[in-house]
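Engineer: Protein sequence lines, in the order shown, are assigned to chains C and D. Here the first sequence stands for residues 1 to 230, where the numbers follow the numbering used here. Here the second sequence stands for residues 1001 to 1397, where the numbers follow the numbering used here.
Since the hints were derived computationally from the structure, they do not count as laboratory data. Predicted, not measured: the structure shown is a model, and the values here were computed from it. We put the CB at the ideal spot given by N, CA and C, even for glycine. Misleading hints may appear alongside valid ones.
To be verified - Selected chain D positions facing chain C (Cβ under 10 Å, derived; list incomplete):
#	residue
1	1051
2	1053
3	1198
4	1202
5	1206
6	1212
7	1265
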Amino acid sequence: MPAQIVVVERPRGGILGRLRGANAWLRAAWRRDALVPGRRSPARRARPLESAPAGGPPSASPDAGADDPAGAPQREPEGLAEIFAEQGAISARSRDGMLRLELAAGAAPGVLRRLRDAGALGFDRLLDLTVVDQIDRTGRLEVVYLCEASARGERVRIHVPLMPDAPEIESVVGLWPAADWLEREAWDLFGIRFRGHPGLQRLLLPGDFEGAPLRRDFVAASPPSVEIPR
Amino acid sequence: MSAAPDPVASRTLSERLGFRPAVVELGHTHPGVRRVMGAVGGTTSFLVTLDDDRIEALEVEIGLGHRGFEKEVESRPWASALPFVARLGHANGPIAQIGYCLALERLAGLEVAPRATWLRTLVCELARIADHLARVAALAAAIGAGAAERAVAQGERVAARLLGAALGGSPLAGWALPGGVARDLPGDFEARFVEAKRLLEATLEAIDRLLITHPGVLLRLVDVAPLAAEACLALGVTGPCLRAAGSARDLRRDGSLLAYGEVDFDVAIGSRGDDFDRLAVVAEEIRQSLGIGEQCLRRLADRSVGSEGEGVVTGPEAKASPLVVPAGEVALSIESSTGELGFLLVSDGGERPRRIRCRAPSFFHAQALPAALTHARLDDLLPTAALFHLVSGECDR
C-alpha cells in the first residue's frame, strides 16, 4: 500500500509568526485551547494531505506526486542518449541498475551543465561527489558524481578519470551548491584541485596536514594491528 | 545624481554603538554546545560573527572526530567495515549497518530471507525512534525546557532499551550481517514492545504538551531558521529537515528497500521549513515508526514471513572464509533518521574493498546550517543545530 502524505499542523492563526514576541497574546490563545479538556490532542494530529487547505504547504513538494517512480527505473530517459553520444561518453548500466557514464575531463563541465539544465530531464540534484583511486589498475583517479532528477527519481553516476599527478577539474559549485564541501573533501583527502571553487581549503583534516590520505599509496601511520573477526 | 547613502543609516546598530564586530567561537567544549551537541555525540564547532545578537556570518567547523574510516576499511575484509559503520550515527548505527549490508548484498549477489528483511525493517524503526528522541531531547536542552528534556530523555532511554532488546546487545555490536542478521528476536520481545509503546506514547504526549503547544517554546521555534525546499534540495539536505520544508521525499516511500512497501504509514511533511516544522515532523515520525514497528511485529509473529531463526547467518560456515565480492560498483541509499545515508561500494573482485564511500546526511546538514541561520539570533543557533542533528560520526567519518 502506498504511504500517504500528511501535513503536520502548525499553530493556528498563521499570524503567529508576525506576533513573535507577543507573549501575552500567545499565552491567552494557548489557555483558551489548553484549558478545554480533550480539545487539543486531536487538533495536533497530522491531517491527511487531501484535507489540507487550498494554498497550503504542499505547493513546495514537487516530488509528492502519486506517479512517483519507485526504485530505479530501467528505461533510458529520452534525450539523454543524444547528449551522451555527442560527447563521446560511454554509458552502461551497473549492477545496481543505475545509469553509469564515463566522460573525459574536458567534456565533463559541458555535459554536467547540460544534464542539469535538460528541461524535464534535468538532474537537478547532486547527491554525492567522491573519488575512487584506480591508479594501480588504470593509472587514473576517478571523480564520481551521483546526480538525481528529483521529479523522476532517476539517478545517474558519472565517472571522470583524471591523470594522477596534479589532477584538476572544473568545479561544479555553480551548478549544484551542495558540491562546495564535497569538493573541499575531495581536495582534502585525494588532492584534486577544483578550478573555480570559491574556497578550496582542507575540510576534515588540519590545515598543516601533508599528503592526500585516501589515495591508496598513502600509508596510514600505523597498520591495523588487530584483524577484526568476521 | 543619485542621493549619497546615508552614512548613519547604512551602519549597523553595533557600529553606531561604537562596538567592533564580535566574533564568538562556540567550540565543542563550550558548555552550551557540549550539553546540546554532546548528547548526540557531536564535536562540531561554530564560529559566529555577531551584529548585536544577530548572526551575521556562521562558520561550521567539522573534522574533529575524523577517524579515516574509509581508509581503515580498505585494508580489511568487507564485513570488517560493520563496526566502523555502526559508529556513524548516534542511536541510528543499526540503520547504517543495515544500509551497508543491503549495498554489499546487492554487489555480492547475496540472497536474504524475508524474515531477515522484516527484522531489519523493525530494527530500523526502533533505531529511528531512539535517534529522533535524542534529537528532541537535545532541542529541549538547547531551549532550556527542563520538564520536556526530562520526559524526552526518559523516552529515549526506553527506546534505546527496546532497541537493545531487539538486537540482543548494544547497537554498536554487529547485528546486521551480510546475508541476514545475527539473531532473531528474544521470546519476550512482544511484551516488551507493548510496555515500551505505552511509555513512548506518554512521551509523545509530553512532547506535544511541553514543546509543540507550549507558548514559551513556540516563541523559540516558530519562523526560526526557515530553509525552503528548493534551498534544501540545492544544499543536499534530506530527511526530516527536508520534509519539514514541504517535500515529501522519503526513501522508505520512494525506494524499494526493506519491507516498507508492505506496511502502512504516513509521510509527515511541514510547510515552512522552520524549527517548529522540523520538531513537528520528527514527533509525527516517531508516532509513525511505532505503527510500522507494530505491523512488523505482527507479521513476524504470524510466521507469514518465515519461521523463527530464518535469516540468521551466524553458523560456522558463515565464519569460515571472508566474503569474496565480484568486481563491480553499487551505489545505494537508505532513509536513516537523519536523512539519506548512501554507500558507494567499489570492488575489484577480491576479499577487500577498493573503495567504500559513505554519503552522510549530517555532512550536508552542517554545510546548510549557515544558510538557515544567517540573520537569526544567537540563541537560535543551538536549537537549530540540535534539530539538524549534526552527528560527528557522520560529519567527520
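Engineer: Each hint: holds or not?
Structural biologist: We went through each hint and held it up to the structure:
1. Against a cut-off of 10 Å between C-beta atoms, the interface hint on residue 1051 of chain D is violated, since the closest Cβ of chain C lies about 19 Å away.
2. Taking 10 Å as the C-beta contact cut-off toward chain C, the hint placing residue 1053 of chain D at the interface is violated, the least distance being around 14 Å.
3. With 10 Å as the threshold, the beta carbon of residue 1198 of chain D stays out of range of chain C, its nearest partner Cβ sitting at about 16 Å, so the hint is violated.
4. Of the supplied interface hints, the one on residue 1202 of chain D is violated, with its beta-carbon coming no nearer than about 13 Å to a beta-carbon of chain C, more than 10 Å.
5. With a cut of 10 Å, the hint placing residue 1206 of chain D at the interface with chain C is violated, because the nearest CB-to-CB distance is about 12 Å.
6. Taking 10 Å as the C-beta contact cut-off toward chain C, the hint placing residue 1212 of chain D at the interface holds, the least distance being around 6 Å.
7. At its closest, the beta carbon of residue 1265 of chain D sits 5 Å from a beta carbon of chain C; the interface hint therefore holds under the 10 Å criterion.
Hints 1, 2, 3, 4, 5, counting from the list given before, are not met by this structure.
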